[in-house]
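Asker: Sequence:
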Amino acid sequence: MNTEKIEFHAGTVDEALDKASARLGIPREQLSYEVLDPGSAGFLGLGTRDARILVENDARTPDSRAIVEEVFAESGGETTEEEARPSGEASPEILKTTREQLTRIVENMGLTSCEVEVYDAGEIIAADVRCEESGLFIGHKGETIDAVQYLLNVAVYRRHEYEKKIVVDCEGYRQRRIEAVQSIAHRTARRSIKERRPLKLPPMNAAERRAVHLYLKDNPKVTTVSEGRDENRRVVVKPL
Numbered sequence: 001m002n003t004e005k006i007e008f009h010a011g012t013v014d015e016a017l018d019k020a021s022a023r024l025g026i027p028r029e030q031l032s033y034e035v036l037d038p039g040s041a042g043f044l045g046l047g048t049r050d051a052r053i054l055v056e057n058d059a060r061t062p063d064s065r066a067i068v069e070e071v072f073a074e075s076g077g078e079t080t081e082e083e084a085r086p087s088g089e090a091s092p093e094i095l096k097t098t099r100e101q102l103t104r105i106v107e108n109m110g111l112t113s114c115e116v117e118v119y120d121a122g123e124i125i126a127a128d129v130r131c132e133e134s135g136l137f138i139g140h141k142g143e144t145i146d147a148v149q150y151l152l153n154v155a156v157y158r159r160h161e162y163e164k165k166i167v168v169d170c171e172g173y174r175q176r177r178i179e180a181v182q183s184i185a186h187r188t189a190r191r192s193i194k195e196r197r198p199l200k201l202p203p204m205n206a207a208e209r210r211a212v213h214l215y216l217k218d219n220p221k222v223t224t225v226s227e228g229r230d231e232n233r234r235v236v237v238k239p240l
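In full-length UniProt numbering, the protein residues as written are 1 to 240.
Warning: the hint list may mix true and false statements.
Taking lysine-lysine pairs in the BS3-like style, the calculated list, with each CA pair at most 30 Å apart, reads [unchecked claim]:
#	residue 1	residue 2
1	Lys141	Lys19
2	Lys200	Lys217
3	Lys221	Lys200
4	Lys238	Lys141
5	Lys141	Lys164
6	Lys194	Lys164
7	Lys221	Lys194
8	Lys200	Lys141
9	Lys200	Lys238
10	Lys164	Lys200
11	Lys165	Lys5
12	Lys217	Lys141
13	Lys19	Lys221
14	Lys194	Lys238
15	Lys221	Lys238
16	Lys194	Lys165
17	Lys5	Lys19
18	Lys96	Lys165
19	Lys164	Lys238
20	Lys217	Lys19
21	Lys96	Lys164
22	Lys164	Lys5
23	Lys5	Lys96
24	Lys217	Lys96
25	Lys165	Lys221
26	Lys5	Lys200
Read the hints as simulated data drawn from the structure, not as lab findings.
When you get a sec, could you build the whole thing from the sequences and use the hints?
Answerer: Below is the structure:
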């Protein structure tokens, strides 16, 4: 698969790596990058310069999310989700419909050699996709897999009464993403404590922000709050 190279900049190389890790959903230690400019702290506040890095990333098809939405629209779907209600074990009918709908989406995206597995995972219904073209299915910054998950929930519960949230994953992407977010949260908390000042994390979606709050909630030396709106909403770590 072809790769694209994306430039990131921040105050230091470490901060730029954190930003790239958060944006791409790849743990820092797995990033392939080149330092374009190590940056400079300047002298007495003069001559400061951001660090710049160039990170390799699997090339994404830009209209892959549009493909998902088109597939769903053709089935007569409506983009409204039902409210969650307490539930026990997922019914066989829900699991069957989930598998059928997800398989149809995968096929219409033109992905080959894919396997779809759907099962009750307790609080959620897990829908795992394994395929060679995982980059296309996940999409840039996880946009496509998030679109698939949203529309799959709508498609399934348009036919059935709501039971529990369906979470779509591909080749362990979501777990890697959570690990990357937790790693950033850990380093940011240490810096915040050491420097005695609030530090902002890169913008994250709701699930990732929640992962940060949960990861740091038992740390007696920091507190976390979310600020910003829409795609710019992020977590701020504050020392106590």
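Asker: Looking back at the hints listed earlier, which ones does the structure fail to meet?
Answerer: 6, 10, 11, 16, 19, 22, 23, 24, 25
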